[in-house]
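Quick mapping for you: the protein sequence lines, in order, are chains A and P.
For reference, each letter of the first sequence is one residue, going 1 to 359 in full-length UniProt numbering.
For reference, each letter of the second sequence is one residue, going 1 to 359 in full-length UniProt numbering.
Calculated from the structure, these hints are not laboratory results.
Yeah, the Cβ is synthetic: ideal placement off N, Cα and C, and Gly gets one too.
There could be a bad hint or two in this list.
[As the list claims (entries may be wrong)] Distance condition first, Cα-Cα at most 25 Å in a straight line; then the derived SDA-like pairs of lysine to any residue:
(1) K250(P) / Q278(A)
(2) K250(A) / N275(P)
(3) K204(A) / E224(A)
[Stated by the list, open to error] Calculated Cβ distances over 10 Å to all of chain A for the following chain P residues:
(4) I141
(5) P142
(6) L143
(7) K233
(8) G342
(9) Q358
(10) E359
[Stated by the list, open to error] Some chain A residues judged to face chain P by a derived CB distance under 8 Å, without partners named:
(11) Q273
(12) P279
(13) V282
There are 2 protein chains.
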Amino acid sequence: MDSTDHGGGEEVISNKQVFLADYVSGFPEESNLYLTTSSIKLKVPEDQSGKDAVLLKNLYLSCDPFMRGRMQRDLPPDRPELSSYSLGSPIVGFGVGRVVDSRHSDFKKGDLVWGSTIGWEEYSLIPNPEDLFKINHTDDIPLSYYTGILGMPGMTAYFCFFDIGSPKEGDRVYVSAASGAIGQLVGQFAKLIGCYVVGSAGSKEKVELLKTKFGYDDAFNYKEEHDLDAALKRCFPEGIDIYFDNVGGKMLDAVLVNMRLHGRIAVCGMISQYNLEQPESVQNLSAVFYKQIRMEGFAVYEHYHRYSKFLDFVLPCIKEGKIVYVEDITEGLERGPAALVGLFSGRNVGKQVVKVAQE
Amino acid sequence: MDSTDHGGGEEVISNKQVFLADYVSGFPEESNLYLTTSSIKLKVPEDQSGKDAVLLKNLYLSCDPFMRGRMQRDLPPDRPELSSYSLGSPIVGFGVGRVVDSRHSDFKKGDLVWGSTIGWEEYSLIPNPEDLFKINHTDDIPLSYYTGILGMPGMTAYFCFFDIGSPKEGDRVYVSAASGAIGQLVGQFAKLIGCYVVGSAGSKEKVELLKTKFGYDDAFNYKEEHDLDAALKRCFPEGIDIYFDNVGGKMLDAVLVNMRLHGRIAVCGMISQYNLEQPESVQNLSAVFYKQIRMEGFAVYEHYHRYSKFLDFVLPCIKEGKIVYVEDITEGLERGPAALVGLFSGRNVGKQVVKVAQE
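Same shape as in the complex, but just chain A (with noise of 0.2 Å):
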């Protein structure tokens, strides 16, 4: 880090950036990104744009598949937090970093914090920071947990998996992408309550950490199954009430003919799609007619407002080992690209996390 101080005891440093190159079509690569370094004084603005602001120090980023869909051109405005990133400043996603300065009277100094727009960089510059979640950290927990188990992924787990799939003890429940940031936990909040779970991931090594360490029943590699419709007949002989899907497409598709009656789909994600000019078709949804199937889409930062609800439920099975989660650390923003592209092809085993500073 370069430092320099230009007289007015204001720390003028570098600061490592991360650009998008051009709008992605199809699957993003590591060249889609790139790094860049400029300079930043370690001071809010003390005029108008900076009123209100806070200046953080990133800690850890997060790599979230929504992240993809922000990488392409002209997205329609209706939901900003889902835009398009501009190419002439850093992307941005979730994190957790340390107020290092602040105009804000709700923030000083060393709090720590997490939140949705922090920029892939060093440091950042928050206009806004009533967005951002106030971390009371205690030393048995990891600061990065804010990225997943503690932040939106642990969010969207909860209440998409409560809210939308209304399990009861002894339901059949099968999670996709289920070792990842999200899936790991909707597993583990599904035995708590008694259900039966089945898990696919993508490599053998995934399976079994879902069996060993998520305490899932059953699990399969979804790229080892010929023939979707099988594995789950395997797996559910007698059918499935509630799916928890963050893939979408075919897997979707085969769901439908294994949902019992008034099954629930809770619609978390689609990432099979993401990446694709032309969605893939899906022929069986004449099942939700059939079976009165209620399927439903989530979105997180709708149910922001009950944050510490979700807290008040986490932090003890965390602090008691009833849930415990696995994150995927890579270390040093410039590898974040690869980290970021890596989600796409399942190469994370667990929480993709970018770990930026030294805490």
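Since the structure of chain A is provided, determine the placement of chain P on it from the hints.
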């Protein structure tokens, strides 16, 4: 009607019946059904076979899209009311009849009833009359209404629209097959609570009916629209809050991209798919995720216990002229097969009923 008295006081008369000639694939044709005449004693058998049974003189038979399903071979046995028709007995469906004889304590000669297991014949022996609904008949209500607005289609329109659609004033509602037995009611229910309602149908005459008779704000003939997406965008420039789906397939696919955030799709039927060997594929299912759409299938038989609640609502509406109902009544059982098959080419205007006998 031929009648013979066999001495014992038991009148034996002829009983015209409609049988399925063979299981159907593709669109059903009139030749898939045939009329035959057997004879029947106008008395419930006195042996074990007649225990608790009633004998009905059938007055009205209902033509319903789900009957196409039952014309298929080897349907899964999990839903008996939707199982394959037997070739050895008349087809069955909803209908209205008068009790001619009864060995069940709840029914006496002269009672009017409607139910879902009425044979397509002049007289039906009903071994389990517990499933019949008694009709409290008043002269200002046509008896045929108990195959429509006051029967299964009425309950379907009401509970499917209100339970799954969760409508509120100002919601933008789209109904397909909008002039049919169910659609015409959904549009009127939606108008009653202050929704903006658009319907589609398959002829100029039906479109006129939607606008002039049922109070739809707008309507279009789907057969004249080359681009369903464009038609929907024209009618709903700000998108659709509730889609009441009677047809499925391509229409559902076009609707998905025109739904608003948190839209609801009440899947009441998918008539466009019933005659296809391969279902049409749906491309736009990812909208469920992006727009947090709730989509749910409906089965009316689960709501029969709420029938009196429904009547409490709908009978005053009819008497006060707030709700109208259009029926397409075919006279004579021998014309029943053509009427039933005509449903699938949209030949009927309004609820298709077959009048078997004069009350």
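Here's how the hints hold up against the structure:
no.	hint	result
1	K250(P) / Q278(A)	holds, 16 Å
2	K250(A) / N275(P)	holds, 24 Å
3	K204(A) / E224(A)	holds, 9 Å
4	I141	holds, 31 Å
5	P142	holds, 30 Å
6	L143	holds, 30 Å
7	K233	holds, 14 Å
8	G342	holds, 22 Å
9	Q358	holds, 37 Å
10	E359	holds, 35 Å
11	Q273	holds, 6 Å
12	P279	holds, 6 Å
13	V282	holds, 5 Å
Checked against the numbered hints above, the structure violates none of them.
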